[in-house]
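J.: Given next are the chains, with one letter for each unit.
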Amino acid sequence: MHSLRQNKLLAFALAFVVVQVVLALAAPWLGFQDPFRQIMSQRIKAPNEVNWLGTDQLGRDVLARIVWGARTSLFSTATAVSLALLAGGTIGLLAAYYRGWFDRIVMRTMDVLFAFPILLLAIGVISVLGPNAWSAAIAIAIVYTPIFARLLRGPALVLCEAEYVLGARAVGASDLRIIGSHILPNLVSVILVQTSILLSAAILVEASLSFLGLGAQPPTPSLGLMLSEGRNFLLLSPWPAVFAGIAILLLSFGFNLLGDALRDTLDPRLRDAEAVAQ
Amino acid sequence: MFDHAPSQKTLVEVDGLKLYFPITAGLFRRRVGDVKAVDGVSFNIYQGETLGLVGESGCGKSTCGRALLRLYNVTDGSIRIGGVDIARLSADALRRMRPTMQMVFQDPQASLNPRMTVAGIIGEPLDEHTTLSRAEKLARIYELMDAVGLSRDFANRYPHAFSGGQRQRIGIARALALNPRFIVCDEPIAALDVSIQAQVVNLLEELQDRLGLTYLFISHDLSMVRHIADRVAVMYLGKIVELATREALYERPMHPYTQALLSAVPEPDPVHEASRRRIILTGDVPSPANPPQGCNFCTRCPKVMDICRRVEPASRELEPGRFVACHLYETATTAGATAAENGSGKTRLSTNNPTTQQGV
Chain A
41 MHSLRQNKLL AFALAFVVVQ VVLALAAPWL GFQDPFRQIM SQRIKAPNEV
91 NWLGTDQLGR DVLARIVWGA RTSLFSTATA VSLALLAGGT IGLLAAYYRG
141 WFDRIVMRTM DVLFAFPILL LAIGVISVLG PNAWSAAIAI AIVYTPIFAR
191 LLRGPALVLC EAEYVLGARA VGASDLRIIG SHILPNLVSV ILVQTSILLS
241 AAILVEASLS FLGLGAQPPT PSLGLMLSEG RNFLLLSPWP AVFAGIAILL
291 LSFGFNLLGD ALRDTLDPRL RDAEAVAQ
Chain B
2 MFDHAPSQKT LVEVDGLKLY FPITAGLFRR RVGDVKAVDG VSFNIYQGET
52 LGLVGESGCG KSTCGRALLR LYNVTDGSIR IGGVDIARLS ADALRRMRPT
102 MQMVFQDPQA SLNPRMTVAG IIGEPLDEHT TLSRAEKLAR IYELMDAVGL
152 SRDFANRYPH AFSGGQRQRI GIARALALNP RFIVCDEPIA ALDVSIQAQV
202 VNLLEELQDR LGLTYLFISH DLSMVRHIAD RVAVMYLGKI VELATREALY
252 ERPMHPYTQA LLSAVPEPDP VHEASRRRII LTGDVPSPAN PPQGCNFCTR
302 CPKVMDICRR VEPASRELEP GRFVACHLYE TATTAGATAA ENGSGKTRLS
352 TNNPTTQQGV
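Residue numbers (the working numbering), protein chains in the order written: chain A, 41 to 318; chain B, 2 to 361.
So here's chain B without its partners, still in its complex pose (with noise of 0.2 Å):
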């Protein structure tokens, strides 16, 4: 999205999204706990753009990504798309409204009925909400395989005919169907060989410039992510640590978890890799089901202060558009010298380099 200028105009407007799923016990079901999945995440995404939502598997970003499209009953927030709450829409409401978001998923293999043809797995939006004649309704068919660069004589094939690129070619061809304005991309990539990723990307970029296309871009590879993002919001354990610019991000993070997480990509240049300081995360990621007090993250963060096992940081906007839940930012002074000290060009990335994938 170099060449991308995204008009600042709010598609998408997450106001403390939280998503528990009970655990239940016992012969009536009683609610014994929850599994935090996302647990109060706000932010925006502007039309035209994509927002890239990482962090390591598990932390609730793929729940996040569902609840967005309401594939799962969120417990608490609101979810404006084009200004609609559709938190809140009861069931037939939403059903009008699916034509304007869409999914792309992560396993291609698994997102499509072995049992139906790529004519049907496409032709499927179609068939629920429009009125389109068969013959229309093959020519739009025919077009969509075209936008996303299948052949015509697929359409009758099965799914288990393809290779994943392919498949991941029909999840698109039928996010694509309604002419949809807001995508979920749940890791598109990552069921997909190295070789098969970029040309994927690449027709997720072309389709977005062409049809102005909004993307939320979920993902664990950092590298993929600063080549598609313009902003990337970083997620621990159901939350939002850190939410800023592409450049800004990857060039000076902010939040430990941030910097942890970046000084992870491998440095394709020999120098710079001698001379990179890989931040070592110890421990595992707490339970969702019972998270730390304080920071979710004060269990394995380096520069943890006493504070942050007591109270929860909350997320403020340190610079225009740049959003930080630390409590290493409390105050102006730590946040100039600590940003500086992070700046320093040991934690830097490799900045195009499309094909690595890095898992975190």
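Extracted from the complex, chain A is given alone in its bound form (with noise of 0.2 Å):
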């Protein structure tokens, strides 16, 4: 019975996550208006028949801005949450495999990455490079490395004492096929809810160093950018900034529900822990 509620909820959080990336990414197709077209008669209006959500102080129409600033939005934190699990998930696992003074010095420095404010240290990496929604991906990317490292470097020290990698080891398996076939596999649920947790916290960090102008750059559209350019004309029109708002909420909403029924799915201890209570 578990598994049906759990499903449910799982099936809920995938359409919600899947209907915004779809929207998001196929907005080029799907007839909305142009997002970058000002239209000076048409500033800052409110939802009518033809802006469903308004326009902003350009006369740009708000839902088209929303969806393509969602698109930018996705782009960046999935390309910095791809980088930093494939950065911070090789240097886990390998610490956790050779131990050793590798595994000291790499995790030593990962803690230093991991004592920056999260902010300070992005617009730390962004005052390197530039303001620009590249260096916001890196930026998280170098943020949220020293996360992955650290949550998979754990079970994959418990999973390099398993027997059966002792057992890998016994037939003469080469350290890439245990790491590949016997740790990695085993971490999948691991990373799955991790990754998408962690994405709806990027979407936080993308808007927020969008809002700051160290993302994307105008006339990009950005819900950050929305928002902050939307807060100077809060009085006469607070429709861009609560839209833009809402989008934000939505869409790290939608990650972090995802997370949260991916990891009651997959994780046995729960899965047990219901069936005995049933």
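Please note: incorrect hints may appear among the correct ones.
[Claimed, not checked] Here are the computed distance ranges between Cβ atoms for each label pair:
id : chain 1 : residue 1 : chain 2 : residue 2 : range
1  : A       : E201      : B       : R279      : 33 to 39 Å
2  : A       : E201      : B       : K10       : 35 to 41 Å
3  : B       : V312      : A       : S229      : 52 to 58 Å
4  : B       : N180      : A       : V228      : 51 to 57 Å
5  : B       : R31       : A       : V168      : 57 to 63 Å
6  : B       : A265      : A       : V228      : 43 to 49 Å
7  : A       : L126      : B       : K10       : 21 to 27 Å
8  : A       : L289      : B       : T25       : 47 to 53 Å
9  : A       : G170      : B       : T25       : 16 to 22 Å
10 : A       : V168      : B       : A191      : 57 to 63 Å
11 : B       : G150      : A       : Y138      : 38 to 44 Å
12 : B       : L212      : A       : F52       : 36 to 42 Å
13 : A       : S229      : B       : T283      : 44 to 50 Å
Hint data in this document are derived by calculation from the structure and do not stem from the laboratory.
Heads up, the beta-carbon is just placed ideally off N, CA and C, and yes, glycines get one too.
From the two separate chains plus the hints, produce the assembled complex.
T.: Next up, the structure:
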């Protein structure tokens, strides 16, 4: 019975995320208005039948800019989290597998990175690279690398001591094979859950960076940027800021929900606990 | 192994094997001590025989078995398998040696990767060491599954679908895949139901006869070791205290620790059971990080003497093929007297009771 309820939650979360992602990715072909077209006579309009979510201070369609902004957001966060997973995951796995001085040096370096407040570190990285969407992605990747490294090192350490890893070593399996076919596959659920949850957090960080003017630059549609620009006209017309905020919330919430649902479904301990309870 | 006559050719020679796990402390991981898991162990295993290695939990027998295959890097000593000292081999040369020596693990649940199919698990050693085509590999996997009594239909199932005994068969098939000469069986039956234990042991014996395998059989089940082993080594706190042929050891244990260990085995015959005198050891096993001065057993030995607390007894060959490390047998006269006393039948054992599991 547990699986039914959990599967419903998972299905809902997945649908929620997929709809948003498809909407964002397919934006150019879905017949939205041109997000760059400025109509001076239509500035700061409330939602109406032409501009469903109103227009901004330059007369651009808010709905189109939100969908295109979500696209920018997703591109940079997905890039960032993938890079972080690749770098952090590799570091964490190798540190757990080889231990010794490599582990100590690398993980202490990760601890140093970890000690910085997220935004401060990201701002530092962007100040070196110059503000644009790609710098924001790289900055987020650097911020999240130690999280993945730490996160995977723990369970990987446990797996390295598992008898089947010893068994693989006894049959003479190479390091690559042990990591690739004995350790990594057993970490998939941890990776899935954490990637989803970190995507949710990364969307907020990306929005914060754009809000501060450190992410995508105008006129690129960006959710954080819309929030920031809309702020100046909040009394005249709250619509661009409010809708951009809601879009950020929905995106982030979707991935968070997905991560939670995945965790509940994939964590065998939770599954057993519920089976016992019933 | 009653019908099995081992040759006297030595396959495995272990000399002065030491395996210390460092205890580190502080920021710079200063070494503050060692856990002496295996502390100067020497023995030979002859080709085609089964050497039983018994002892309490934590005495270092599993560590010793794993060190023999160099799953751990040894601290000191040599391990010659077929003349090659594997304690000193480079990682690459060691990998090429792997096919000759294999291991069967204690817990078949933990020793099989839950995300690999049976065919994947058994085929893994083949992937690593051979260049068989897909079809040849599958044929070999089927052959191995037949050899250990697993239905071929199970090849694409995952370990969780099997019972403990079947999982252990998968583990044995994996160990056999590369035609090894030497297999370390690390408590292969300890995690199994009593009814399954006999099946697995019989399978191991049958495979030994058919393939001429040499086993190191690690166990704390004295009755099972008596059934399967040709010679038995008794381990206490990282050292071998007594090594003898099965008959000699069970009929006439010489080291006080062996005597105590064997006296704990229950007797199926009620008449003998009534007269069975148990030697109850007091106290706990000392920590291997801080073993006592002199003989390791001096803190619990019922026959402890002054010298035991000062001088570590050397392992000496008291009779041909019989090694004992105990000060009681320093002179020939005391040796004879004590041996006679111990052979009086008060600590007699069940002769053939492979299904009784005796934890010590």
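J.: For each hint, tell me whether it holds in the structure or not.
T.: Results for each hint:
1. Distance hint check: the CB atoms of A/E201 and B/R279 are about 37 Å apart, consistent with the given range 33 to 39 Å.
2. Taken as a hint, the range 35 to 41 Å holds for the pair A/E201 and B/K10, whose Cβ atoms sit roughly 36 Å apart.
3. Distance hint check for B/V312 and A/S229: the Cβ-Cβ separation is about 57 Å, which falls inside the suggested range of 52 to 58 Å.
4. Here the CB-CB span from B/N180 to A/V228 is close to 34 Å, at odds with the stated 51 to 57 Å.
5. In this structure the hint that B/R31 and A/V168 lie 57 to 63 Å apart at CB is violated, the actual value being about 39 Å.
6. The hint said 43 to 49 Å for the Cβ distance between B/A265 and A/V228, and at roughly 47 Å that hint holds.
7. Evaluation of the 21 to 27 Å hint for A/L126 and B/K10 yields a failure: the beta carbon distance comes to about 53 Å.
8. Between A/L289 and B/T25 the beta carbon distance is about 49 Å. The supplied range of 47 to 53 Å therefore holds.
9. In this structure the supplied range 16 to 22 Å is violated for A/G170 paired with B/T25, their Cβ-Cβ distance being about 45 Å.
10. Between A/V168 and B/A191 the beta carbons are some 59 Å apart, a value that agrees with the proposed interval 57 to 63 Å.
11. Between B/G150 and A/Y138, the C-beta spacing of about 39 Å keeps the proposed range 38 to 44 Å intact.
12. A beta carbon spacing of about 57 Å between B/L212 and A/F52 contradicts the range 36 to 42 Å that was offered as a hint.
13. Range check, A/S229 to B/T283: Cβ separation about 49 Å, and the 44 to 50 Å hint holds.
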